[in-house]
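These protein sequence lines map, in sequence, to chains A and B.
Numbering of the first sequence is given in my numbering, commencing with residue 1 and proceeding in unit increments.
Numbering of the second sequence is given in my numbering, commencing with residue 465 and proceeding in unit increments.
Be aware that one or more of the hints could be misleading.
[Stated by the list, open to error] Dumping the calculated DSSO-like pairs for lysine-lysine here, alpha-carbon to alpha-carbon at most 27 Å: (1) K341(A) - K827(B); (2) K857(B) - K187(A); (3) K143(A) - K249(A); (4) K341(A) - K884(B); (5) K877(B) - K827(B); (6) K284(A) - K884(B).
[What the hints assert, rightly or not] Short derived list, chain A residues pointing at chain B, Cβ under 7 Å: (7) N69; (8) A138; (9) R140.
Note that these hints are calculated values from the structure, not bench results.
Please read these numbers as outputs of a predicted model, since none were measured by experiment.
Ideal Cβ positions, reconstructed from N, Cα and C, are used throughout, including at glycine.
There are 2 protein chains.
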Amino acid sequence: MSKPSIPQGTRDFSPAEVRKRQYIFNTLRTIFELYGFQPLETPAMENLTTLTGKYGEEGDRLIFKILNNGLHEKKEADKEKLNSEWSKMLEKPFSSPIVTERALRYDLTIPFARYVVMHQNELAFPFRRYQMQPVWRADRPQKGRYREFWQCDADVVGSTSLINEAELLCIYQSAFHNLGLTQVTVKINSRKLLAGIAELCGTPELMMDITIALDKLDKIAWEGVTKELQERGISEAGISHVEKVINVKGNNEEKLYALQEIMKDSVTGMQGINELKQALAYHKELADAAWDSRLEVDVSLARGLNYYTGVIVEVACKAVQMGSIGGGGRYDDLTGLFGLKGLSGVGVSFGIDRIYDVMEELKLFPEQLASGADVLLINFGGENELYALGVLKQLRSAGVSAELYPDVVKFDKQMKYANKRGLQYVILPGDEERQKGMLSLKNFNSGEQKMLSVDECIEIIKKN
Amino acid sequence: MSKPSIPQGTRDFSPAEVRKRQYIFNTLRTIFELYGFQPLETPAMENLTTLTGKYGEEGDRLIFKILNNGLHEKKEADKEKLNSEWSKMLEKPFSSPIVTERALRYDLTIPFARYVVMHQNELAFPFRRYQMQPVWRADRPQKGRYREFWQCDADVVGSTSLINEAELLCIYQSAFHNLGLTQVTVKINSRKLLAGIAELCGTPELMMDITIALDKLDKIAWEGVTKELQERGISEAGISHVEKVINVKGNNEEKLYALQEIMKDSVTGMQGINELKQALAYHKELADAAWDSRLEVDVSLARGLNYYTGVIVEVACKAVQMGSIGGGGRYDDLTGLFGLKGLSGVGVSFGIDRIYDVMEELKLFPEQLASGADVLLINFGGENELYALGVLKQLRSAGVSAELYPDVVKFDKQMKYANKRGLQYVILPGDEERQKGMLSLKNFNSGEQKMLSVDECIEIIKKN
Chain A
1 MSKPSIPQGT RDFSPAEVRK RQYIFNTLRT IFELYGFQPL ETPAMENLTT LTGKYGEEGD
61 RLIFKILNNG LHEKKEADKE KLNSEWSKML EKPFSSPIVT ERALRYDLTI PFARYVVMHQ
121 NELAFPFRRY QMQPVWRADR PQKGRYREFW QCDADVVGST SLINEAELLC IYQSAFHNLG
181 LTQVTVKINS RKLLAGIAEL CGTPELMMDI TIALDKLDKI AWEGVTKELQ ERGISEAGIS
241 HVEKVINVKG NNEEKLYALQ EIMKDSVTGM QGINELKQAL AYHKELADAA WDSRLEVDVS
301 LARGLNYYTG VIVEVACKAV QMGSIGGGGR YDDLTGLFGL KGLSGVGVSF GIDRIYDVME
361 ELKLFPEQLA SGADVLLINF GGENELYALG VLKQLRSAGV SAELYPDVVK FDKQMKYANK
421 RGLQYVILPG DEERQKGMLS LKNFNSGEQK MLSVDECIEI IKKN
Chain B
465 MSKPSIPQGT RDFSPAEVRK RQYIFNTLRT IFELYGFQPL ETPAMENLTT LTGKYGEEGD
525 RLIFKILNNG LHEKKEADKE KLNSEWSKML EKPFSSPIVT ERALRYDLTI PFARYVVMHQ
585 NELAFPFRRY QMQPVWRADR PQKGRYREFW QCDADVVGST SLINEAELLC IYQSAFHNLG
645 LTQVTVKINS RKLLAGIAEL CGTPELMMDI TIALDKLDKI AWEGVTKELQ ERGISEAGIS
705 HVEKVINVKG NNEEKLYALQ EIMKDSVTGM QGINELKQAL AYHKELADAA WDSRLEVDVS
765 LARGLNYYTG VIVEVACKAV QMGSIGGGGR YDDLTGLFGL KGLSGVGVSF GIDRIYDVME
825 ELKLFPEQLA SGADVLLINF GGENELYALG VLKQLRSAGV SAELYPDVVK FDKQMKYANK
885 RGLQYVILPG DEERQKGMLS LKNFNSGEQK MLSVDECIEI IKKN
């Protein structure tokens, strides 16, 4: 028998990990619900036709396809047909309806769009939904990149109001505040501003080229970006326009004021600036002074995905060396892919795995998540065992998470278990305790031990 | 463009459905944690070798296999090899390591056993874990049977104490109590008692045959069972023994007392009876008088799965026409499949989908789960919009789940939205309200409308 293992790029989550992940999920869920967002869950499997062609050529290649079942049942009847399908599949990979018709969810956006189109008549628009589910990608596994990972998205479709952008900014800030994550910056920009730059350069058709070059500013500095812009066919005059834009300094109001001057000849650019101003004005009314994350207009922010058309957002945490922990923006016509035109949407995404890693590194998880239970009752057997069961019942009725060691084994072995479990308290219900109707409560950390009533035990354990 | 759809046997869960399902999951999670059980999550994908051969021939056939990616990358180099693998796959289905090496989780038990073996040195035994995740089976979809469905298991491995059985019985009763499910019967029996019957019949090797026949008592009555027992080679004397056993009547104590008489010549049978007595004795100490479900010794209870070896359990809800809503039992040596011998386990499973259906039919879900949010603020635009945003902030700070309609559209359209969303309250922040610093709160159900302060609104909404 070979040693069991799990597929590359997948993970088991231990009890402590599940509790910490639940803590993140619950914190986000509470905020989403407070903001009137509604939960949605879609199946792990989608029809292959729903997914293909939506994520680019590279994306299509990374979709996990599910082998049709019943292949072997068909083999007598359809061997020839199957073989011809197989040859076709070898030529044009994964397109065979006999071999594979289903695939694993690749992101939460396409299933959401598919859901909205299928249920357009039942839904109340604008539809605000959140979704927290795993997705699967056949990427090469590496540190921090998994083949099964969780996405957490909040989107509004069916409204063009910039109040939505403001609300999503608040959701970000409120979430990071409640999770205890400090040194967070929420960067905001507009695709229209980027389009405006391309207009000023005299090459509106090169907007994506400029975007891609600007996106690298962090990594290759202005010198590198200049070189890339030249290679991508931007004129010297154009490059100096870009330079002026990214050199805009000051607080958000000052930046937007300066941009208005630079952009005054670009209709699209001015539209982008006005949208940012409006979104920030709404945000000001909604934001809580307690939130300590920064909200910063960053004109070099580009976001890779093609489908964004308006305001875009990205979240960075400076406390650790880590890529962005969230991002999003406005997109027009996402549901158009499935035949429902003209529905504008805006959404943000939380990078759950990275947020987990940051919180772990900064030790932000509440301590009690590590062990779960509060106390172990030592099993001394016989009448003491029955006495312990009665105590166990009382503890649980009072909301104390408690276990009785189920087997009558040596004291040391039971204590070792409590230690390995990470429990803070042990209760010793022995002969003396039973006869007195009391309990000995031992604090596992301090070593202190006291004879107490059940109620006193409950009080002490609950206080911790 | 074809109309989008989802694969047969899978489901989208609407906001109201997600909330209700979360309600079940959270209720169970709270109880598991109270009993010191620890959460575990395993990946959706397992190595195919982990799963095959564990669920019988029929089970193997129903496992969803994942097509290896990178097939098309290999096609130039390995076309011949791929073709030969393909031919092999057509002969011996799904065994090809080039075509498929991964498969979707088929249940939670095998991944749990695999996890325990992989992490045996880190775990504190006895290990009490719960797990609530979807599983996938390529079964023919039909009413109440899905290809993606949720399992919820709680197991203890590494302890032979019958306290574990008693605890699991309490978890069942406590869960159904907290969910508000009445008319629930938890049936309990022992595989050893069934083995004892086979011994009494003089055919211990036919224990499974007797079990299978007895399992149908509900459906085909004693007459049908007799016929089936005859066909399966049980002697007339044997059949009369079986009849005596299943005719045992009375409360649990009376039944066990009568069984002791009948079984006195079977060592295994007596062991089964003693185990049931001990488990019930432990249960008595732990059980809460408030739980209204019945706990009933049922000697005709068989449970289909081969691997049970001790006490077995099944849960029925008489309030609706429905199969069992839970089941479980003790199994020896589950982890032996993966090379870790001699670890006894006992577990129970909750049928989440059926429990959901029963609760829906009996209207047991709290009403507020349907809509989520509490109140909609009507958007009158301009200054009123900014005023509304400030109110929105105050409502949320007070924990009231609230939305502002993001677009300035006709009053009727906004009211229609609130209605479709199922919201109970609407707030109208118009000119008069803004000038007075007040709000008009409208109860959507009663139609009643009142001018109030923000604090008064919060108080009324929270009271509901």
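Do the hints match the structure? See the list:
no. : hint              : verdict
1   : K341(A) - K827(B) : violated (38 Å)
2   : K857(B) - K187(A) : holds (22 Å)
3   : K143(A) - K249(A) : violated (36 Å)
4   : K341(A) - K884(B) : holds (22 Å)
5   : K877(B) - K827(B) : violated (31 Å)
6   : K284(A) - K884(B) : violated (30 Å)
7   : N69               : holds (4 Å)
8   : A138              : holds (4 Å)
9   : R140              : violated (10 Å)
Of the numbered hints given earlier, the model fails hints 1, 3, 5, 6 and 9; all others are met.
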